[in-house]
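Participant: Next come the chains, spelled out residue by residue.
Number of protein chains: 2
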Amino acid sequence: MEIIESAQNAKIKAWKKLHTKKERDKSGLFLIEGKHLIEEALKSQLNIKDLVIQEGRQMPEEWNVKELTKVYVTDRVMKELAETETPQGIVAVCEQPEKENLPLDDGKYLFIDAVQDPGNLGAMIRTADAAGMSGVVLGQGTADPYNGKVIRSTQGSLFHLPIQKMNLEEAVEICKENKLPVFGTSLKGSTYTAIQPQKKFALIVGNEGSGVNPGLLEQTDQNLYIPIFGEAESLNVAIATGILLYHLREN
Amino acid sequence: MEIIESAQNAKIKAWKKLHTKKERDKSGLFLIEGKHLIEEALKSQLNIKDLVIQEGRQMPEEWNVKELTKVYVTDRVMKELAETETPQGIVAVCEQPEKENLPLDDGKYLFIDAVQDPGNLGAMIRTADAAGMSGVVLGQGTADPYNGKVIRSTQGSLFHLPIQKMNLEEAVEICKENKLPVFGTSLKGSTYTAIQPQKKFALIVGNEGSGVNPGLLEQTDQNLYIPIFGEAESLNVAIATGILLYHLREN
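Going down the list, the protein sequences come from chains Y and D. Read in order, the letters of the first sequence are residues 1 to 251 in UniProt numbering. Read in order, the letters of the second sequence are residues 1 to 251 in UniProt numbering.
No wet-lab data here; the hints were simulated from the structure.
In this list, chains with the same sequence are indistinguishable; a pair is considered to hold if it fits within one copy or across any two.
Keeping only pairs whose Cα atoms sit at most 16 Å apart, straight-line, the calculated EDC-like set for lysine to aspartate or glutamate is:
1) K43 <-> E231
2) K16 <-> E83
3) K43 <-> E233
4) K149 <-> D117
5) K21 <-> E83
6) K200 <-> E250
7) K165 <-> E100
8) K176 <-> D105
9) K149 <-> E85
10) K66 <-> E39
11) K17 <-> D144
12) K199 <-> E250
Isolated chain Y, as found in the complex (with noise of 0.2 Å):
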């Protein structure tokens, strides 16, 4: 068994560097940290290229990880490699999946405009698989979904859940052809609760301090606002949608 001893290797230089959008893109790889992800990994369709694990820890024997590569590295290697603090002395190398073509004509569907917080991200993907929707849709200006920290916030629920990069004015227009009922999220919109739950829809929420794009705003069928009762100027936009996506569906 060979152990890479030097963050200078060349596969760990290589694998570091998917730290970054720009490395991520250009290889179609990500990495995952810690045990209980990789677990919702195995569990999914996700393929998986490499293991990394430290020297010294065991794997979960009830892991079915035979057919995959295995590299062993010191724990100075794997402090370099990881991101976070106690990674768990294991992290996997993935591929990203092939891109999603979600049909946008039943089922229901979160569309994210340009969130740019990762926590944000990830929690939105975490609530979307909560609450049951088929895809979430990530418009243009939105958070790269393999970032370890998104992926961390979702606690797994990315390897769950369809999900496509996709310019929104043409998701919402394929929704519109398939009538598929659109509701934007707008201070100028009506108050939620006016709406009845739906057995299809998108939900457009958007960025931190802009919102959804007024552009997008004008394209659907309804708005929709979540009344602030205190003082508070607003609520963070994962517990919004949290809250609407809670409201439509049907409980």
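Given chain Y, work out where chain D should sit, using these hints.
Facilitator: Same frame as chain Y, but now just chain D:
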């Protein structure tokens, strides 16, 4: 106008220590950074002891801060003092408000049991404010509300809403004596949509990993559960709080 040029200055050293909970507890002081938060603090009852201003930066003209002590510092000293990368050239040293004594006999309350992530706690306080809660009770093991990350995540709601640190068993006892309905959150609870909106209530939400303390759950009137429709194992606690508070309050 004197400008502090050294991070070794006694005042600067004392203020820098306020980044730790220990020193905040000892001194009863805390720091806030940036124009928006300081503006919210100025509008509130909060006692601001000192404004620390980076040389060359202006305070907004509309601020009524004539009476406040102002201390000017160099760019480098500001960088040492501030936790954020863009503190916008201004930091305020504030007194922690006197202990609240929430009546818990009427109104709507959020009880937080051992939530440890500062971003979650801040988002929950912001959401409680937005949902028009009367106050927030922080049980043992909950993050310090005067932690910089918590304050930033509250977006100023920390200064709008009465916040009380208190043993939650005692808080629930007081509610019961006052006939204020108490709802816990538990995987074994009833689906939350089975509960009608309430004129007055206390909702208990709990730790990111272990949820609400089982002893507390036994004391409640009813425990609630948010169904998971997809493959996610759970919801983020701040998002669950948003869904439940907006459902429970009368819209």
